[in-house]
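Just so you know, the protein sequences line up as chains A and B, in that order. For the first sequence, position 174 matches number 218 in our numbering, and the numbering has no gaps at all. For the second sequence, position 137 matches number 181 in our numbering, and the numbering has no gaps at all.
Hints are supplied without guarantee of correctness; some may be wrong.
The list treats identical chains as one, so a pair stands whether inside a single copy or across any two.
Computed list of lysine to aspartate or glutamate pairs in EDC-like fashion (alpha-carbon distance at most 20 Å, straight line) [said to hold, decoys possible]:
{"#": "1", "residue 1": "K393", "residue 2": "E361"}
{"#": "2", "residue 1": "K222", "residue 2": "D266"}
{"#": "3", "residue 1": "K417", "residue 2": "E386"}
{"#": "4", "residue 1": "K215", "residue 2": "E165"}
{"#": "5", "residue 1": "K341", "residue 2": "D382"}
{"#": "6", "residue 1": "K215", "residue 2": "D362"}
{"#": "7", "residue 1": "K215", "residue 2": "D168"}
{"#": "8", "residue 1": "K422", "residue 2": "D105"}
{"#": "9", "residue 1": "K215", "residue 2": "E164"}
{"#": "10", "residue 1": "K324", "residue 2": "E189"}
{"#": "11", "residue 1": "K192", "residue 2": "D168"}
{"#": "12", "residue 1": "K141", "residue 2": "E171"}
{"#": "13", "residue 1": "K307", "residue 2": "E420"}
{"#": "14", "residue 1": "K67", "residue 2": "D268"}
{"#": "15", "residue 1": "K341", "residue 2": "E255"}
{"#": "16", "residue 1": "K64", "residue 2": "D363"}
{"#": "17", "residue 1": "K341", "residue 2": "E189"}
{"#": "18", "residue 1": "K285", "residue 2": "E386"}
{"#": "19", "residue 1": "K67", "residue 2": "E319"}
What the hints contain is simulated information worked out from the structure, not anything from laboratory work.
2 protein chains.
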Amino acid sequence: MEESVQVGPWAAEAFVDYEKLLKVFGAKPLTDSEVHKLERLAGESHLMLRRRVFYSHRDLDMFLNMYEAGYRCALYTGRGPSGSTHLGHILPWVFTKWLQDRLGLELFFQMTDDEKFLHEERLDLPESNSFAYENSLDLIALEFEPRKTHIIIDTEDIGYLYPVAVKVAKKITYSTQKATFGFTDSTNVGLVFYPVLQIAVSYLPTELYGEETYVLIPAGIDQDPYWRIARDIAQSLGYPKPSQIHNKLLPGLGPEGKMSSSKPETAVYTTDPPEIGAQKVMRAFTGGQPTVELQRKLGGNPDRCSVFKMYEMLFEEDDSKLSERYWNCRTGSLLCGDCKAELASRVQKFLREFQERRDRGRDKLHQYLIRSKFSEPKLKHR
Amino acid sequence: MEESVQVGPWAAEAFVDYEKLLKVFGAKPLTDSEVHKLERLAGESHLMLRRRVFYSHRDLDMFLNMYEAGYRCALYTGRGPSGSTHLGHILPWVFTKWLQDRLGLELFFQMTDDEKFLHEERLDLPESNSFAYENSLDLIALEFEPRKTHIIIDTEDIGYLYPVAVKVAKKITYSTQKATFGFTDSTNVGLVFYPVLQIAVSYLPTELYGEETYVLIPAGIDQDPYWRIARDIAQSLGYPKPSQIHNKLLPGLGPEGKMSSSKPETAVYTTDPPEIGAQKVMRAFTGGQPTVELQRKLGGNPDRCSVFKMYEMLFEEDDSKLSERYWNCRTGSLLCGDCKAELASRVQKFLREFQERRDRGRDKLHQYLIRSKFSEPKLKHR
């Protein structure tokens, strides 16, 4: 398996220059050393690790050391609930679920209905709030463990966050926020404050458990600026620095760009009727040639193919089968129509099963809410 | 009584140029017309009205009209709990209590433990929070009606405020906050956000009662900038504009300045042992002459006397007795020692009785907390 990481097709970067991103954000690339250690502690490998779907990190090594040494640890990730969930959103959640299961960790999941309301003119607060509940069903459909999964809905669970947030806020000047997030004088003051809440959750487990808790945050690298601040001020507030592990973004089914709600025809939503999801795949932009003849002669380019990326990042667990698909495409023996048809059938099956679990999830939703399990943190003299 | 407002000694302004303040803030002076109407609705006069301790307002006339027309109304004021309460703090509360009693209004009282923590380097959060509870005892000692008095402690009751606050925050740019409150790039982002919470409380009654509620805010004019924003954006959020009535500040017992915790020897705290309170009065700076002989000959200046102001603003209800004291001072027949001794004895008696009620208040405190009476407001589609 390890060899495939080094030489396999999925090592080639498509669509986004992740090397450049790494440099811009100053994060560390995920090396074999961290991957091996995580796999050893987890007792198995994961496709998103060995194919470097998760490709960079900050202090993952420290987190794994603390975990191994028996310190209390937790996971933290979240979602800005401004619409329906698509496969690009659930990609890191699939991995987070694996971490939860394999490392036995509790997960704090923040639904930032405040942020989305503050950011998007069109959204009213009840809308972003109701998306928070809708999106929670997707976590349930992924079979996160309810006793170990704690959903925080910002506008309703602010009581958990605010006592930590004011301590955070006292450490952060407007100047820092402006430089980090590009705020201007015309930014609304809700957005100016909001990062404090996202940072606060990284310290919340320590408050709730009443002991130093090391937090690992699986998330896109675009969220890195929040945790950079969180790491900078952690020590002065008496909290452990949070660690991060960054995933690549699932490409959309169009010619370029990540899967995004701004292009719904190129995004497969978890609530798409399964046959619609399959249709979207059949209409996907591929790395294939304009004609069958040319494809047979020249072969396709899986490195620039949204369909191949879906196999690589989510739908093909078997490395040798993925490799076979890669070379069959490259050599022209696999045609796009057949390749899409197989993915469409996998996507259709996935959506059907996912949606059954999602529908059954409504009755269990309350078990996932942080407010059904924890008391709000009390103010203690330091 | 009315005549005394026009010609009485207490019409003379001491220590602070309130006319100038009115111009700076652009508020309206309280006229006989509003005072008469309020006294008529209240069924009696109040010394702080007829002596213009409350001296300016915004839209008090509208508030009184809506009250008279039977619309739901409420009172709102608060305190930044950074230390013990002194007589300067309770002055507007005494009037607020009168408004509650005479107009039958519920009061929302905000304890801004977050603001004080964010503002003062020396304070930690548990400290400002515990001052919020300590200061609440002073409200109880003033005999506010528990069923009609709802104390909001920001860090703990943020769940009541935040759903309203994010709607407020979306309407306010950083530019507005900067211009209104003089924030700079080095201001912490907690302080940048905080005004939103103080504004939010002015709309909270409408949310909690589920009907348009007209809010009157008795407070110092220094708080006016908050409500100016609150009034500017109220309509766009579907809330009635809050009205204000501004009080003058009780002078400290020193040669100048308001009663302030920065000069504790010139401030009478509600928790001062009664004999200490009396001692502070006996050591007060007065408008008297350097010697008894000169005082007999030239008379004193009650308009520049912290002791006379205490009588005028709090401790002498009887207008004719106050007038007599004024002229006896002016003509030199009343000596400072005697004048102070009488105030000292009133202050001592006040503190003794106040503290008995304050001590008994601890058991009743929970009855005053908003969380013991209201559910957090729910997010509704507009």
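Hints and how they fare:
1. K393 to E361: within (15 Å within a copy, 83 Å between copies)
2. K222 to D266: within (16 Å within a copy, 29 Å between copies)
3. K417 to E386: For K417 and E386, neither the intra-copy (43 Å) nor the inter-copy (59 Å) Cα distance is at most 20 Å.
4. K215 to E165: Between copies only: 11 Å across chains, 29 Å inside a chain, cut-off 20 Å.
5. K341 to D382: within (17 Å within a copy, 113 Å between copies)
6. K215 to D362: neither (48 Å within a copy, 52 Å between copies)
7. K215 to D168: between (31 Å within a copy, 13 Å between copies)
8. K422 to D105: Answer is neither: 32 Å inside a copy and 43 Å across each miss the 20 Å cutoff.
9. K215 to E164: Close across copies (12 Å), not inside one copy (27 Å); limit 20 Å.
10. K324 to E189: neither (31 Å within a copy, 64 Å between copies)
11. K192 to D168: neither (31 Å within a copy, 32 Å between copies)
12. K141 to E171: Neither: 27 Å inside a copy, 40 Å across copies.
13. K307 to E420: neither (39 Å within a copy, 37 Å between copies)
14. K67 to D268: So K67 and D268 pass the 20 Å test inside one copy only (13 Å; across, 49 Å).
15. K341 to E255: neither (63 Å within a copy, 73 Å between copies)
16. K64 to D363: Neither, since 27 Å and 79 Å both go past 20 Å.
17. K341 to E189: Intra 50 Å, inter 88 Å, cutoff 20 Å: neither.
18. K285 to E386: The answer is neither: 44 Å in one copy and 62 Å across copies each exceed 20 Å.
19. K67 to E319: Neither, since 41 Å and 69 Å both go past 20 Å.
Violated hints, listed in ascending order, are 3, 6, 8, 10, 11, 12, 13, 15, 16, 17, 18 and 19; each of the other numbered hints is respected by the structure.
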